[in-house]
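Colleague: Following the hints, complete the assembly by docking chain H onto the known chain F.
Protein chains: 2
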Amino acid sequence: VTTPYEEIDTPALIIDLDAVHANIAEMAAMAAGNGVRLRPHIKTHKMPELARLQLRAGATGITCAKLGEAEVMADAGCDDILLAFPLWGRPKLDRLRALRERARVRVSLDSVEVAEQVGTVGRRTPVEVLVEVDTGLGRLGRPPGAPSAELVREIARVPGVEVMGLLTHAGHSYKTTSEAQLRQVAEREVTDLVETAELCGGLAEISVGSTPTARHAATVPGVTEIRPGTYIFNDAAMLRLGLATERTVAARILATVIARPAPDRFVVDAGSKALTSDGVGVRDWIVVVGRPELHMAFLSEEHGVGRSTPGQGPAIGERLELIPSHACPVVNLFDLAYGVRGGSVDSELLVAARGKVR
Amino acid sequence: VTTPYEEIDTPALIIDLDAVHANIAEMAAMAAGNGVRLRPHIKTHKMPELARLQLRAGATGITCAKLGEAEVMADAGCDDILLAFPLWGRPKLDRLRALRERARVRVSLDSVEVAEQVGTVGRRTPVEVLVEVDTGLGRLGRPPGAPSAELVREIARVPGVEVMGLLTHAGHSYKTTSEAQLRQVAEREVTDLVETAELCGGLAEISVGSTPTARHAATVPGVTEIRPGTYIFNDAAMLRLGLATERTVAARILATVIARPAPDRFVVDAGSKALTSDGVGVRDWIVVVGRPELHMAFLSEEHGVGRSTPGQGPAIGERLELIPSHACPVVNLFDLAYGVRGGSVDSELLVAARGKVR
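Residue numbers (our numbering), protein chains in the order written: chain F, 19 to 376; chain H, 19 to 376.
Do not take every clue at face value.
Remember, identical chains collapse to one label, so a pair may be satisfied in a single copy or spanning two.
As the list claims (entries may be wrong) - No farther apart than 16 Å at their CA atoms in a straight line, the calculated lysine to aspartate or glutamate pairs in the EDC-like style are these:
hint, residue 1, residue 2
1, K374, D353
2, K193, D302
3, K193, D112
4, K374, E319
5, K374, D27
6, K374, E89
7, K374, D93
8, K193, D93
9, K374, E24
Derived from the structure by calculation, the hints contain no laboratory data.
Here chain F stands alone, though its shape is the one from the complex:
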């Protein structure tokens, strides 16, 4: 028994399944056309059903950030998982050991210290690792070239691990302001890794790619794997980058106007507890679907405050669909989403990997 769209209580997370299927097919065809493997990051959806759709469409495995996400996805039948986060400490190593008994697991890391911990799990069969390289984000990894090549050599000497290749995340691509700049970031993330791998005498895996860079990076010689996540849903950041249209944005927050306290102001029942504070201060950080004349001004936890031309805004009781600034953390705020098709509810989707902080 599902709920008719008109009866969905708000705020609610709505997933347009037609857009999801189209987004999955497009990225899978792009990867196949360029001969690169696609390993989507499931942090965007956190839903086993959608991971299965991605695998059925040709993804060769999935990427997870946390063991808790990987365990949920293994329960759902995913048997090839990249854990793209350095693991530390006995509880996580025990869980890694258990996870390896039911899935092929790779781990990314950027230090000898973490490699030595992970290696304790690989005494019989070495743990496959990807060494993370910093291609400009300034988060994990050493710079490409000699510093990373030296790290690869050090890690290769650690018992219990086997270096399979290099990995990077060009998260700074989200801040590019032109197609040319975006292409440059994407090309650099691949060539930085390819050149570093050459210094190491060649490595099997060159794993790159965010949603912004994936379509460019897939065309650069040497790349073997792309790991986009957001493409399945898209969000306001993808709209700003020109990588999505309102039609291809699959994740929306359905909200109700609960106040019109001033002629130019309306308030909806979705605040940062439904939309997060990601992107605050950015132009058009939240988009009201089909209503370009409405602009969100600020969010409290439970209130979304919007502005309109005086007297022109929506009435109390009207329902609006909001495109969040950043889809991934928004999905993490909901236990359940409504999958819609052609304007009616098709299914309820459990956000099974929500809240897996560890």
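Modeller: Positioned in the frame of chain F, the structure of chain H alone reads:
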């Protein structure tokens, strides 16, 4: 069976129960000393155990933002609840009706339209309502004085509701930069409401107060009720306002350093999925407990990137306690918290009202 502090896996939400008890006692004594009722907002903790502590210390009831929170708290025995959010639509009105059968419930609102909906539930016994007034935040409510007095008169004519008083939330107090300015905001939130109530011929309830304004507002003649929330845990925003010290901050995120990719950079396993993006861009928006020399630079979803003097930062594997910018949405990201006392785990606290978006 509880987990020793040293064995808590990270990232984890840690609640210092000694600080919680002291914070609860201090606010309760302050309210009692000024002869005002204390109705804490439970959105900060979302934990039935802590609501019971607040009530036992003298709170006369609780404030909730959502019906889902109120239902959880009613299950836990809270029988006097202010729902400080305008309700709209059949599912919520049905739940309000059911909730009224097991608790005294008041609702705040700022329009005739919402009052008419709420009134449908009050045919036999009118629903007690507080009319929200805008004392400067620019969110809900009309301006104080004549505009709000006129609204009160219109709402008073709606069948099924009984106007008990006025309510405001001076959320702009979080942006004050001096004690004098904060006191001014607090005094204004009370006097604005008192003057508006006089235009209405007097009203029983004058309900104000955020954590920043509560201690000042409680001293202003005419106030009857204060509704602070954050005071139970405090956070980096309260540190900046001078209303808390590291010792009185009860909610922390325990994190592990998982990388040292550069001499001046460390990365912990707590990003915006544990700390939210609230407060990004604000000076000292996240504080590392006992380590003033460490500064957080930016958060990804799973990574917290910090800076130190080159070569002076924490080692891989070291554990840090981080004070979040804003406690309330952080608590909403965890299913479970660890209650600690004197450095060891005392209990596991269920965040039972987490994720109650509706």
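Colleague: Let me make sure I understand: some of the numbered hints might not hold for this structure. Which ones are they, in numerical order?
Modeller: Violated hints (numbers, rising): 3, 8 and 9; every other hint is consistent with the structure.
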